[in-house]
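Chain by chain, the residues run as shown.
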Amino acid sequence: MSGAAIAQTLRSYIQRELMGGEAREVRDDSPLLEWGVIESLKMVALLAFLEREYAVVVPEAEHMPENFQDVAALTRMVERLQAGEAR
Amino acid sequence: MSISLRPFAERDLVPAREIFRQAFASFLQIPEASVPDGDMVGFRSRAYPEAAFAAEHQGQLVAAAFVTRRGSQFVPGPVIVRPRGWTGNAGQLLMEAVLQRGEREWQCRQAVGYTFANSPRHVEFYRKLGLYPRFLTATLALPIRPVDPPETPLTFASLSPAQRADALKACAALTGSFFEGFEWNNEIEAVQAQEAGDTLLIFEGSRLDGMAICHAGARSEAPTGGGILKFMAVRAGAGKRQTLERLIRQCRSWAAGRGLKGLSVGVNLACKEAYLHLLELGFFTQLFGIALHRPDLPAHLVQDAYVFDDGR
Numbered sequence: 001m002s003g004a005a006i007a008q009t010l011r012s013y014i015q016r017e018l019m020g021g022e023a024r025e026v027r028d029d030s031p032l033l034e035w036g037v038i039e040s041l042k043m044v045a046l047l048a049f050l051e052r053e054y055a056v057v058v059p060e061a062e063h064m065p066e067n068f069q070d071v072a073a074l075t076r077m078v079e080r081l082q083a084g085e086a087r
Numbered sequence: 001m002s003i004s005l006r007p008f009a010e011r012d013l014v015p016a017r018e019i020f021r022q023a024f025a026s027f028l029q030i031p032e033a034s035v036p037d038g039d040m041v042g043f044r045s046r047a048y049p050e051a052a053f054a055a056e057h058q059g060q061l062v063a064a065a066f067v068t069r070r071g072s073q074f075v076p077g078p079v080i081v082r083p084r085g086w087t088g089n090a091g092q093l094l095m096e097a098v099l100q101r102g103e104r105e106w107q108c109r110q111a112v113g114y115t116f117a118n119s120p121r122h123v124e125f126y127r128k129l130g131l132y133p134r135f136l137t138a139t140l141a142l143p144i145r146p147v148d149p150p151e152t153p154l155t156f157a158s159l160s161p162a163q164r165a166d167a168l169k170a171c172a173a174l175t176g177s178f179f180e181g182f183e184w185n186n187e188i189e190a191v192q193a194q195e196a197g198d199t200l201l202i203f204e205g206s207r208l209d210g211m212a213i214c215h216a217g218a219r220s221e222a223p224t225g226g227g228i229l230k231f232m233a234v235r236a237g238a239g240k241r242q243t244l245e246r247l248i249r250q251c252r253s254w255a256a257g258r259g260l261k262g263l264s265v266g267v268n269l270a271c272k273e274a275y276l277h278l279l280e281l282g283f284f285t286q287l288f289g290i291a292l293h294r295p296d297l298p299a300h301l302v303q304d305a306y307v308f309d310d311g312r
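Line by line, the protein sequences are chains A and B.
Last residue of the first sequence: number 87 in the numbering used here, and the count goes up by one each step with no gaps.
Last residue of the second sequence: number 312 in the numbering used here, and the count goes up by one each step with no gaps.
Chain A on its own, in the form it takes in the complex (with noise of 0.2 Å):
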C-alpha cells in the first residue's frame, strides 16, 4: 500500500471514529494532538487500528508525538514500521 494510500485510509478512520462526525476536515498536515484528537483513550482505539489494518505493532519506544502529530507523521510511523524499521 502506498502511503498516499495509507494516510487517505488514517484521514477516513480518523475523521470518522476519532473525531465524532465533527465539521473540521482532517488534512495530512492537521495538528491532530493540539486539537485534542489523539488523546489517551483514542490512541488505544488508534493502535489497535494500526495493528488491525496495517498489521504494525507500534513498540513502545515510538510512542512519541513526533510519530502522532498529524497523518503525515502517522504514514511515515507505519510505513517504517511496515519494512521493519522500528527505532
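Hints are not guaranteed to be accurate.
Unchecked claim - Per label pair, the in silico range of CB-to-CB distance:
1. B:Pro7 to A:Ala48: 28 to 34 Å
2. A:Gly21 to B:Glu180: 36 to 42 Å
3. B:Gly257 to A:Glu17: 48 to 54 Å
4. B:Glu245 to A:Ala48: 45 to 51 Å
5. B:Arg249 to A:Gly21: 20 to 26 Å
Stated by the list, open to error - Below, a sample of chain A positions facing chain B; criterion: calculated Cβ distance under 8 Å:
6. Met1
7. Ser30
8. Glu34
9. Gly36
10. Glu39
11. Leu41
12. Ala45
13. His63
14. Met64
15. Pro65
16. Arg80
17. Leu81
Everything labelled a hint here was simulated from the structure, so no lab data went into it.
In this text the structure is predicted, and so the values were computed from the model without any measurement.
Cβ coordinates follow ideal geometry from the N, Cα and C atoms, glycine included.
Since chain A is already given, all that's left is putting chain B on it; use the hints.
Same frame as chain A, now just chain B:
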C-alpha cells in the same frame, strides 16, 4: 519512554484540578466553568496519598489516577487525562498501576469502578483491562426542603474518641454483612479529618442499622451549595424500608441545617429494591454511568441490598 509515572505530589494539585476540569468539559462538551467544582482531586489525594499516581511528559503533569481502598474491595479511578497535547498511553499506564496497587499490594478481592455508560470508548478501554461492564449506576438528586419536624441525627463528629472507635467497628460489621471485608472506615475518618462533611448513624440499641457518609463543603467532593451522600448502607431485614426512610429524613435535616440546596447519591441498578425505593422517596435520576467489575462478579451489588454508592 515518553510518559513516566510517579507518586502524586502536593505540587500536582493545581495542574491536576485543571486537567480534571478540562477532561470533563471536553468529554461532556460543556464550558470548563460548568464542570461541578467539588474537589475530588484534593480530597482523594489528601485522604489516600499512598494511592495517587501522576503521569508526566517532559516534566509536565499530563494525567493522574486515584485508587481508593474499601477494605476487601477497591475503587480503580478516577483517571484524568489532559484532553489536548501529547499524553501517549498515560491512561493505560495509570490503570495498570492502579490495578497493581489494589490487587497485588493490597490483596483486595474485587475492584468496583465506574465510567460513562454512553461512551463505547471508555467502556471498551476498561473492559480490555479486565473491568467488565455490568449494571448501570444511577446518580440521583433530591432538592432540599426543610424537614418538619426537623430530625437531629446522631453524627460521627459528635461522638467521643471511644464512641468513634465503637462506631467504626459497627460500621465495618454492617458493610461487611454485604461483602466480606467490605468497609468504608477510611472514608469516614477522612471526611472527619478534612472537615469535608459528616457520617450519620442510626443505632437500634447497640446495633447499627443505617449509615450515611455525607460530603459537603469546600474541602469535599461535593459542589458548592450541594451535598453528596457518598455512601449509605441499611441493615438487611424486615425493617430496612423504614430505616432508609428515617436515614433520608435525617440526611435532609442535616443538609437543610447546612443550607444545602440539594443532595445527590449513587445507586447501582443491580440493587433494584434500593433504586426503586429512592425514586419513591422523591429522588430523580440525573445521569447513568456503568459499574465496572474485576473479576466479573456481583460483589455487594445484588437485588435486595440496600447499599448506595456510585463507584467513583
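Hint-by-hint comparison with the structure:
| no. | hint | in the structure |
| --- | --- | --- |
| 1 | B:Pro7 to A:Ala48: 28 to 34 Å | holds, 30 Å |
| 2 | A:Gly21 to B:Glu180: 36 to 42 Å | violated, 47 Å |
| 3 | B:Gly257 to A:Glu17: 48 to 54 Å | holds, 50 Å |
| 4 | B:Glu245 to A:Ala48: 45 to 51 Å | holds, 49 Å |
| 5 | B:Arg249 to A:Gly21: 20 to 26 Å | violated, 47 Å |
| 6 | Met1 | violated, 26 Å |
| 7 | Ser30 | violated, 13 Å |
| 8 | Glu34 | holds, 6 Å |
| 9 | Gly36 | holds, 4 Å |
| 10 | Glu39 | holds, 5 Å |
| 11 | Leu41 | holds, 5 Å |
| 12 | Ala45 | holds, 6 Å |
| 13 | His63 | holds, 5 Å |
| 14 | Met64 | holds, 5 Å |
| 15 | Pro65 | holds, 4 Å |
| 16 | Arg80 | violated, 17 Å |
| 17 | Leu81 | violated, 16 Å |
Checked against the numbered hints above, the structure breaks hints 2, 5, 6, 7, 16 and 17 and satisfies the rest.
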